[in-house]
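Following the hints, position chains S, D, P, X and L against chain A.
Number of protein chains: 6
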Amino acid sequence: MIGSKVQVEMKGDQHILEGTLQSADDYLNLHLVDTTEIADGQRLRSLGSVVLRGNNIILIVPVEN
Amino acid sequence: MIGSKVQVEMKGDQHILEGTLQSADDYLNLHLVDTTEIADGQRLRSLGSVVLRGNNIILIVPVEN
Amino acid sequence: MIGSKVQVEMKGDQHILEGTLQSADDYLNLHLVDTTEIADGQRLRSLGSVVLRGNNIILIVPVEN
Amino acid sequence: MIGSKVQVEMKGDQHILEGTLQSADDYLNLHLVDTTEIADGQRLRSLGSVVLRGNNIILIVPVEN
Amino acid sequence: MIGSKVQVEMKGDQHILEGTLQSADDYLNLHLVDTTEIADGQRLRSLGSVVLRGNNIILIVPVEN
Amino acid sequence: MIGSKVQVEMKGDQHILEGTLQSADDYLNLHLVDTTEIADGQRLRSLGSVVLRGNNIILIVPVEN
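So the sequence lines, in the order shown, correspond to chains A, S, D, P, X and L. Per the UniProt record's numbering, the very first residue in the first sequence carries number 1; after that it's consecutive. Per the UniProt record's numbering, the very first residue in the second sequence carries number 1; after that it's consecutive. Per the UniProt record's numbering, the very first residue in the third sequence carries number 1; after that it's consecutive. Per the UniProt record's numbering, the very first residue in the fourth sequence carries number 1; after that it's consecutive. Per the UniProt record's numbering, the very first residue in the fifth sequence carries number 1; after that it's consecutive. Per the UniProt record's numbering, the very first residue in the sixth sequence carries number 1; after that it's consecutive.
Excised from the complex, chain A in its bound form (with noise of 0.2 Å):
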C-alpha cells in the first residue's frame, strides 16, 4: 500500500487521519503526508507530515480514487 491513499482509524475519540502512505515498519509504525484530520466526515484539519503509533491504530482502509 505504500504510495497509496490510505485513511487510518487511531484509537482515541473517533479519530480517522487520511493521507499518502509514504513508509511503514515492523510495528506497523505508519508515517503518512498530506495528512488531513476528519471527524463525522467533515476535513477538520491539515496536518502535513504525521507519524502514527502502529499499536494505536484500530484499522487501515485504502481509498479508491
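One thing to keep in mind: the hints can contain errors.
[What the hints assert, rightly or not] Simulated crosslink set (DSS-like; lysine-lysine; CA at most 27 Å straight-line):
no., chain 1, residue 1, chain 2, residue 2
1, P, Lys11, X, Lys11
2, S, Lys11, P, Lys11
3, S, Lys11, D, Lys5
[To be verified] Stretch by stretch, here's where chain L covers chain A in the computed footprint (C-beta under 8 Å, at least three residues):
no., region
4, 2-12
5, 35-49
6, 52-59
Keep in mind that the hints were calculated from the coordinates and are not lab data. Every residue gets a Cβ at the ideal spot worked out from N, C-alpha and C, and that includes glycine.
Here is chains S, D, P, X and L on its own, set in the frame of chain A:
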C-alpha cells in the same frame, strides 16, 4: 480460519467488522476483504479491503453460513 | 486450566465471556468453545467458538462446577 | 513479593484486586490466590484463584499486615 | 533519574503518582518508594512502595526541589 | 526529527504535548525538553523535561517555525 467469514470486535465504541479472512500474521494483524461495519446489529457501511491491528482486537468469532 | 471452564473479563464495557478453554498460546491468546457472553450476571448470547486476544484480557477466573 | 499480600489496580472501571501473590512471569502476568475484588473501599466479591494479565495492570502495592 | 523524585501520569482517570524512583527495567516498569497519589493537585493518599507497569505510563516528569 | 519541535498527541483525554525532541528509542519512547501541555489550543502549563511512553503515543506532528 483463513478463507472463512469472521466477525471481529475491535476496541473503541462497539466496533464490529464482518468480512472474509484473507490473511493473518504472527501479531494477529488481520486482512479482511468484503468487509462491512456493524453497529447495533445493523450493517452500517461497506469498507471493502481492511487491515485490522492485532493488539486492538478484542475477540474473533467465526460466522456460520 | 486447558479443558476446564473459565470466565474471562475483557477490556471494553464490562465484557465477560464464559467458556471451555480449548487452547492458549504464549501471548495468552485464548481459544474458548461453548462460549457465552455475560452482562450484569445475565447470559446475553451464545458465541460458540471464540478467539480472545491476550493483551485485551483483564483477568481469568476458573469456574467451579 | 511472592507469597505476600498485594493490591493490584487493573485497567477498566476502578478495578482493584487484593490477594496473595502465588507467582509472576516475565510479562508481569500475576497469579493471585484468595483474591477479593474491591470497589470504593468495600469488599465486593471473592474470586479465589485469579490470573491477571500483565499489560493491563496499572500498579501493584504491597499490603502491610 | 534513579534516586530522584518524579511525577508519573498513568492511564485511567487522571492518575498521578509522585515518589522517589528506586529502579526501572527495560520495559519502563518503575519501582517508586515514598509514593503519594495526587488528584486535582491535592495529595490523596500515601501508598509507600509501588510498582508501576511500564506500558500504562503516559509520561514521566522529574520534580525539582 | 531529533532537535526539532514536535507536537505529540497522547492517549487519555485529549492530551497534547509540544516540545523539542531530544531523543527517541526503539520503542518510540520520546524525551522532550522545553515541553508545554496544550488543551483546546491553549498553553496549559510548562513541564520542562518529559519522558513520553511510546506505546501511549497516538501521533507525532512536526511543528513548522
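Status of the hints after comparison with the structure:
1. P:Lys11 / X:Lys11: holds (8 Å)
2. S:Lys11 / P:Lys11: OK: Lys11 (chain S) and Lys11 (chain P) at ~14 Å, within 27 Å.
3. S:Lys11 / D:Lys5: With a Cα-Cα distance of about 25 Å, the restraint between Lys11 (chain S) and Lys5 (chain D) holds, given a limit of 27 Å.
4. 2-12: As far as the region 2-12 of chain A goes, the hint holds, because 3 residues have Cβ atoms under 8 Å from chain L.
5. 35-49: That given contact holds, which follows from 3 residues of the region 35-49 of chain A lying within Cβ reach (below 8 Å) of chain L.
6. 52-59: It holds: at least three residues are needed, and the region 52-59 of chain A offers 4 whose Cβ sits within less than 8 Å of chain L.
Hint compliance for this structure: every hint is met.
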